[in-house]
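*Asks:* The primary structure of each chain is shown beneath.
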Amino acid sequence: MTDIINLAGVSRMFASDPPVAALTDVNLRVRPGDYVSIVGPSGSGKSTLLNILGLLDLPDSGTYHLEGRETTRLDDVTRTALRGARLGFVFQSFHLLAHRDVMENVMLGDLYTGGRRRDRRERATAALDRVGMGHRLHFRPGHLSGGERQRVAIARALIGTPALLLCDEPTGNLDSVNTAAVLDLFDDLRAAGTTLVVITHDETVSRRAGRRVRIADGRLTEIPVAAEVTVPLPVLGGTR
Amino acid sequence: MIGRRRLSGIPISRLDARDLAGEALAGIGVRPARTALTVLATVLGIGTLVTTLGVSATAGNQIAGRFDAVTATEVTVDVAVPASPDSPPAVRWEALDDLSRLNGVTAVAAYAKTAAGSEASVRANTVRDPERVLDRALPVAGSTATLPDAARTGIALGRFFDAGHIARRDRVAVLGAQAAEQLGLSRVDNQPAVFVAGTPFVVIGILAPIGRADQQILAGSVIVPFTTGDETLHLGPLATVVITTALGAAPLIAQQAPAALSPNDPAVVQVHAPPDPAGLRTGVADDVSGLLLILGVVSLVVGALGIANVTLVTVIERTAEIGLRRALGARRRHIAAQFLLESTAVGLLGGIAGASTGIVAVVVISVARDWTPVLDVRLAAGAPLAGALVGLLAGLYPALRAARMQPVDALRGPA
Ligand SMILES: Nc1ncnc2c1ncn2[C@@H]1O[C@H](COP(=O)(O)OP(=O)(O)OP(=O)(O)O)[C@@H](O)[C@H]1O
Ligand SMILES: [Mg+2]
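Respectively, the protein sequence lines represent chains A and B.
The first sequence maps to residues 1 to 240 in our numbering.
The second sequence maps to residues 1 to 415 in our numbering.
Calculated from the structure, these hints are not laboratory results.
Note that the Cβ used here is the ideal one computed from N, Cα and C, for glycine as well.
Check the hints yourself; a few may be wrong.
Unchecked claim - Distance windows between CB atoms, simulated:
1) 16/B / 132/A: 21 to 31 Å
2) 406/B / 17/A: 18 to 28 Å
3) 16/B / 17/A: 38 to 48 Å
4) 161/A / 25/B: 20 to 30 Å
5) 1/A / 34/B: 29 to 39 Å
6) 177/A / 309/B: 42 to 52 Å
Unchecked claim - Chain A regions said to be covered by chain B (calculated; three or more residues, Cβ under 8 Å):
7) 94-103
8) 213-223
Let's have the full structure, built from the sequences with the hints guiding it.
*Replies:* Structure (structure tokens):
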């Protein structure tokens, strides 16, 4: 079975003053159905990695195969198409449109990918049912709790049946109760076969994943499952 | 729906036109008050233009309406009196032949006439009523035989004189209907005579009412052959040329008449032709509405700048939304199309509101002035389109800015 993600020798350098090596020689393979968490302190390169995985940014060197297809040499239009059709995003700040109701926000996930208009509403309802938000179809995001908003955002990512769900600090803005609800949802999705990459600086969130990868100063190291208990909590605001 | 496939085998992102329209409308609807304020200048501009053009078309129509088809075929030429009685006449009677050959001329006549204030004393010999004043001071015209046609009149009784009477210098006279009444003549079969300044003339006909408004004086005149008139009454050289033309030919004939009548000195003749209705209409447009038109265009430019400015602000406010849409698979052109459509729709709204306001204004002004409002369909339909065009142009730069944003930067939200 082809890997969903195969990063080989990926580096990303920001030409600021002084230049920042946000990612250095990163190698990562994610198989279908994996639930991978990437944990690391602030400024360690987590968002940079997610942007590259999400085809929102290009690495300076190395290759990125998504579902067996080399992506770093594709043109912008094709990468955009691939992003819309094969990837789902969940952001820390939800990125819901405040003036559109829950249903419309979810249907947005299907707007550009050629999904049939006729049954878009049904598919949005199904996605919302899946995240347990079927009872809030016509609420504005402003009237939802943080956890509910994130579940709507997850439904928006799921409507396009993505090969990979990329989550950047999905629980960063949530309290412990809402965090637990979102993490339970991730467990359900994983059980249903969704491939998940969750970026977090929160060890408790990270521990729920099947595979854990640590990032520090732009370098990745896989955390062996057996070593889980001995890993010390990261120091907040750790070294860059 | 099967998308277009590229070499990579991935169907490229697409956006249904209905979805695009829905997104754009939702975008405008987010801030109705701001949208309303944004379109105000456009409403003002389009409204001013529609009102100005509509009112000038309406006013032009009123002026044009006063010229019926008949007046537009009448030309009169006044010939200056020669400086001294001995100098050669400015226009010779023979010149009328040249004039009548011009294309578009249907009838030409000319006459010499007693000056106002020195009318001739005219008396009829049939009056038996002693109570009646016998002598009348009446204008006398020495005319060519073509006068009834040129002056749009006919013969009520008897006949008009002909070329033979003119050549023989016969002492015959035709009376205008009013003149005949004043002289107490109601029949010509008994060959009544009138004495003009003491000279007897045989009355051979009485004119019907005069059709031409500018020749009503003939109704009260005694008309004699110009040869006889010059010889016995010293009426002098021809002073007035009366021309009727084919429909629409009057302005052209008015232009050509001086050269045909007086090739050596066209300036001695003065032509009276109906004003060109088209010229009048543009004249009104030029004078009354030139300034308003400029005002309307300026308002439109202000409107365009307003829409451009607000769209740019909107684009920056919605940076994160742009990033999200790119993450969801929107291409640059989908982003650009959405903001272009939003600004175009705002412009269209302004155009519709402006056109409606303008049309109401035209109707109100027309009613106030007792005019029939003239509403050009092209104007009513074109105005909203002009508004849309303003919106489209105004949206170009903001849409380009939105499309150029990098998804990664955009997702971070406005700086
Ligand atoms: N566009 C950029 N230009 C210059 N430097 C950048 C840029 N984006 C990120 N960086 C730098 O790259 C490094 C990694 O940034 P990144 O956003 O990936 O960190 P992160 O792990 O997501 O941090 P956090 O947990 O705070 O979100 C940081 O030092 C950051 O300052
Ligand atoms: Mg980050």
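*Asks:* Are any of the numbered hints broken by this structure? If so, which, sorted upward?
*Replies:* 5 and 8
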